[in-house]
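There are 2 protein chains.
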Amino acid sequence: MGDNPDINEGTQFTPRFDQDGLIPAIAQDANTGEILMVAYMNAESLELTRKTGFAVYFSRSRKRLWKKGEESGHMQRIERILVDCDQDCLVLKVRVDSGQCHVGYQSCFYRALDPATGQLEFVADRVFDPASTYRKK
Amino acid sequence: MGDNPDINEGTQFTPRFDQDGLIPAIAQDANTGEILMVAYMNAESLELTRKTGFAVYFSRSRKRLWKKGEESGHMQRIERILVDCDQDCLVLKVRVDSGQCHVGYQSCFYRALDPATGQLEFVADRVFDPASTYRKK
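Residue numbers (the working numbering), protein chains in the order written: chain U, 1 to 137; chain G, 1 to 137.
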């Protein structure tokens with residue numbers, strides 16, 4: 001939260017990148033409302049996302065720009081970019097085909113915590129086989 | 001993303017906190033699918049959330065535990081906690097009344113980016129008056 005009215009209540013887009021120059025971006029299926037994944041953007045990937053109309057992230061593990069779907073083909077067409085009150089998080093409303101998670105599920109959030117046992121339970125079915133989608137390097 | 005099958009495909013809950021001991025948690029309305037807010041949890045707040053059934057975060061600005069709604073009354077009753085493939089992000093499916101954002105909106109994501117102008121436009125209506133909800137300290 002933050003209480004700067006210029007940031008909270010203004011119309012100027014001033015995304016707040018963290019100390020690594022990144023801002024979290026939540027991809028949400030524009031059709032179903034399902035949260036598909038969370039990734040990070042730097043200023044360049046955000047600009048590319050705006051300009052191209054397709055989600056481009058910054059991969060923290062590979063330390064490079066990552067156009068979602070560049071390997072899998074499962075791209076994200078941007079319908080709308082929302083920003084939160086203190087402008088340190090984005091929601092991308094996206095149009096997708098299927099299989100947004102590299103493990104083979106529609107969403108990365110395919111497991112739920114059982115509060116009683118502290119274990120995870122699978123709450124979704126696989127929609128594709130990662131082995132046949134991602135070529136070996 | 002990450003490719004450790006124990007993390008990606010196991011049933012053991014091993015949340016990956018960042019260097020500050022925090023993990024992002026997205027609160028999503030269990031009824032409507034609307035993304036309400038994004039906040040952070042440390043291990044203690046996650047444990048309290050699990051045990052009490054209400055969302056407890058760690059406020060990065062106030063550097064303390066923050067039970068959502070402790071001031072405003074707008075609590076979040078947990079319906080389900082989901083974790084993503086590499087276990088570094090949570091989704092909380094929550095039951096709420098109204099006015100989840102401290103600026104007075106149902107969701108913190110009340111502004112959208114106009115890709116043509118780069119300006120924000122308001123896409124939601126205020127649901128409460130913050131001045132009458134939050135008492136002056």
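Honestly, the hints are just simulated from the structure, not real lab data. Predicted model only: the values in this text are computed from it and were never measured. Ideal Cβ positions, reconstructed from N, Cα and C, are used throughout, including at glycine. Mixed in with the good hints there might be a few duds.
These stretches of chain U come out as covered by chain G in the derived footprint (C-beta under 8 Å, 3 or more residues) [what the hints assert, rightly or not]:
| hint | stretch |
| --- | --- |
| 1 | 11-19 |
| 2 | 29-40 |
| 3 | 67-76 |
| 4 | 114-128 |
Each hint tested on the structure:
1. Residues of the stretch 11-19 of chain U lying with their CB closer than 8 Å to a CB of chain G number 3, which satisfies the three-residue condition for coverage.
2. Beta-carbon proximity to chain G at under 8 Å applies to 6 residues in the stretch 29-40 of chain U; the threshold of 3 is reached and the given coverage holds.
3. Taking a C-beta to C-beta cut-off of 8 Å, the stretch 67-76 of chain U contributes 0 residues in contact with chain G, too few for the three needed, and the coverage statement is violated.
4. Counting residues of the stretch 114-128 of chain U whose CB lies closer than 8 Å to any CB of chain G gives 7, so the stated coverage by that chain holds, three being the minimum.
Violated hints amount to a single one, hint 3; each of the other numbered hints is respected by the structure.
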